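Asker: Chains L and A, in that order, are what the protein sequence lines are.
Numbering of the first sequence is given in numbering that gives the first Met the number 0, commencing with residue 0 and proceeding in unit increments.
Numbering of the second sequence is given in numbering that gives the first Met the number 0, commencing with residue 0 and proceeding in unit increments.
One or more hints might be untrue.
[What the hints assert, rightly or not] DEER-style ranges, computed between Cβ atoms: (1) 14(L) / 66(A): 16 to 24 Å; (2) 38(A) / 306(L): 31 to 39 Å; (3) 53(L) / 35(A): 40 to 48 Å.
Calculated from the structure, these hints are not laboratory results.
Remember, it's a predicted structure, so these values are computed and weren't measured experimentally.
Even for Gly, the Cβ is constructed at its ideal location relative to N, Cα and C.
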Amino acid sequence: MINIYEVLETNEMIEKENLDVRTITLGISLLNCIDTDIDRLCDKIYERITTTAKDLVSTGQAIEKEYGIPIVNKRISVTPIALVGGAACKTPEDFVKIAHTLDRAAKTTGVNFIGGYSALVSKGMTKSDELLIRSIPQALAGTDFVCSSVNMGSTKTGLNMDAVKMMGEIILETAEKTKEKDSIGCAKLVVFCNAPDDNPFMAGAFHGVTEADEIINVGVSGPGVMRKALESVQEADFGQLCEKIKKTAFKITRVGQLVAREASKRLGIPFGIIDLSLAPTPAIGDSIADIFEEMGLQRAGAPGTTAALALLNDQVKKGGVMASSYVGGLSGAFIPVSEDQGMINAVTDGALTLEKLEAMTCVCSVGLDMIAIPGNTKQATISGIIADEMAIGMVNQKTTAVRLIPVIGKDVGEIVEFGGLLGYAPIMPVNQFDCSAFINRGGRIPAPIHSFKN
Amino acid sequence: MKKTVITVVGKDSVGIIAKTCTYLADNQINILDISQTIVDGFFNMMMIVDVAASKTEFGTMVDELEKLGEEMGCIVKAQREDIFDKMHRI
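Only chain A is shown next, with the shape it has when bound in the complex (with noise of 0.2 Å):
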């Protein structure tokens, strides 16, 4: 397993999420966790993905969404998970 941290940070609005999840699907990333809040006035969401599956180039990954995510007007970023588990737990 290897498990990345997609963000989207933005205005909410209609289908931001379907999107988001149809990218995933379309490239073989499962999602094992979602939670979403709002924090001053903005969307944010997290999601909690397994890219191991995927054939697409994490590189690549990180920048379609980044496209995808400007589409939506949104900003949309893709992070491996550790840069969080090292972060907030010893």
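Next up, chain L with everything else stripped away, as it sits in the complex (with noise of 0.2 Å):
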């Protein structure tokens, strides 16, 4: 049976260290939604989406209830709208008609946002895919909740560089349409390499069309209690440190594998994955960079922050996978910069720049993510940023992300505020030089030669 100690560990865990199952995501193709009437198409999408998530809220709540956990987030994703709505769209205002009616499913359900506002163009783009494109910076401007994202790369693939080029356009649109939020719009929009179609979390989430008609996802979180966990190896060696993050990660998940099994009885939905991921919150010791710190580094940045990023993410899947039936999604440490108290204040310091968290986004589940710079970045910078992420995706069979806000109106060293999860950032300095006449040659860089396996 169990002991008071465990049971007070596990309460320690939850009060003081913020355990928490970041989300519940539930997943509902619209594929049967498809109709060539725009009007007839929003409404069949709102009445799949209110049907299907109708008790997603209340039986996330009752699961909190009974088993004192938070349960951060209750979200939806649906099938990528590019692929929905191209019967039906002729222009991008059609596809800002279907962003409204997910916006109001989403407010219907109460959940805290809902993902697939997205196109998959890893090779190349319909008209469909391109009208999306267009759409997204008034879709975003426009609703609260919808979240968006593109596919534009994969291993297998190679990378289509007319998206890449497209989206630093696309980007700086949505900045400028959201400037009085200080450009808020780009927080719900990220583009990516090897895009998985399980992923539970935002902005990327999306329901992948290999998916079945409904399925549940849950991303767990953690970074407070492996810190906290790691305080009792402070002088051991990389052997130790391992065997105990490992540890730590089997108990976060655990819960969330737990949550997610309960939730699937209740709901009635088969259970998908687990995304066994150290999810941070601006909340203080909830951080990844404190976790780099308890390691032995002074701040996320300095020296030896790759290696210990390497063996964090590894060891998190290791421990993971062993409490988990199936995992999925993203599966690793996030690195966002506002969302996480640590990182913050490793750039505020000029510990941490932009370029080495490209070099940490090589051995880490996501990519450069929630990143603040200056709003009068060029479109090509953007897009540049964005190719040299989505080489790193590609080349290393794993999946990269963007999520660049450039703030209209700020610069450098200015702090923009975002608000609740989404945290705030110091903005940050960009390489000068500039990369237009490589982005703008347009075409699509082949697949590399490890890609071929078959």
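If you follow the hints, you should be able to join the two separate chains into one complex; please do so.
Answerer: This is the structure we're talking about:
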């Protein structure tokens, strides 16, 4: 039988170290809503989402109460809208109507976010994909809860550089359209290489076409728990450090697995995957950067940071895989800047640069995430940063993402405040040398040689 | 059997266990195990109980125990046992 010390340890994690389940994300296929008439399509989408997800929030709340574990977000992901709207949408404005429908459905169901305003263009772009991408700035400016993503490359297909070029423009336009709110539209827009079909985390969640009609995916968290656990191995060697991370990741993930199974049972919807991620929040102590400091680095960004992140990411997976029957999504440590107080401090102190962050993304699950840059950054420069990050994902056969926020009207050293889980960020300097001639070439970068495994 | 873990954490005072047990008895909740310890000068008690025979809805019980805790100057939590079992047992 469970003993009092085990009970106290669990409750201490929840109460003092911010242990939570970051999200229950309900994936809903909208392929059966496809119609040639835009109004009929919107009605079907609204009906499908509000019917399927009607009990999602209340079920999440009931589980929170019964197990005493916070479930921070309840979210919905849907089939990439470029596919769903292809037959009905003739203009970007038609797609914007779907965005408003998704927003309305999110508000009715009470979820925190709805993801899937997306296009998958890793090799080429259909007319419908292009219309959706063109509609993104307007869609994100006019809605509150809709998140958008574009997959622009993969190890198998190479990089769609036409899309990379276009997204530089779209990101700036989104920033411009939401400049009254510090360009917050860009916080809801992410570009990917090797995007997973079952990611429960925003802004990049969408319900892939390889998925069933409905699915429950759960994202776990727990940087605070990890940091606290590492306090007990301060003098230990790397072997012992790794063991501690693995054991702690196991405990965190088992809670996620329990919540996922319970939600799946109560909602009558199959369980998909657990995303084994250490997702930080702006809360003090709930920080990946603090874990690095606990490992012995003065600040995130100090020499050794990439090695520290590599071992952290790997051990989290090793512990997590043992704890869950199915893992997927992004799975690894997230290193967003604005959502992590320790990372914010590292940037403010000059310890962490954009280039170091890029190096770190070679060994972790995501990419350049929630990074505020000057609003006057050139379109081609944004595309160049994206291309670099996509190349890392393509060559290393892993997911990489970019969520940059060019804050219109603000410059290096100023602070931008997004609020809530999105936090705040100091605006980081960007390399000023020009890359427009490179970006303007257009076309595709072919898939790397090691992708030909058939 | 539906095992639930009830924890009481706070400053020690007369009647904490009595009041908690009275609530459980009134709601047909059977106590299977009790243990207690002092951590950092605070009173910590854990009960493993069976709520199968109770007619009180689980969420209501959580709220009522929380309120009882407030009256006693303690934090009283009720959680399904699975969360501890899953975390600490393979």
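Asker: Evaluate the given range 31 to 39 Å for the C-beta pair formed by residue 38(A) and residue 306(L).
Answerer: Given about 36 Å between the Cβ atoms, the range holds.
Asker: Honestly, do residue 53(L) and residue 35(A) meet the 40 to 48 Å range at C-beta?
Answerer: holds (43 Å)
Asker: Could you say whether the range 16 to 24 Å given as a hint is met by the Cβ separation of residue 14(L) and residue 66(A)?
Answerer: holds (18 Å)
The structure fails none of the hints (numbered hints given earlier).
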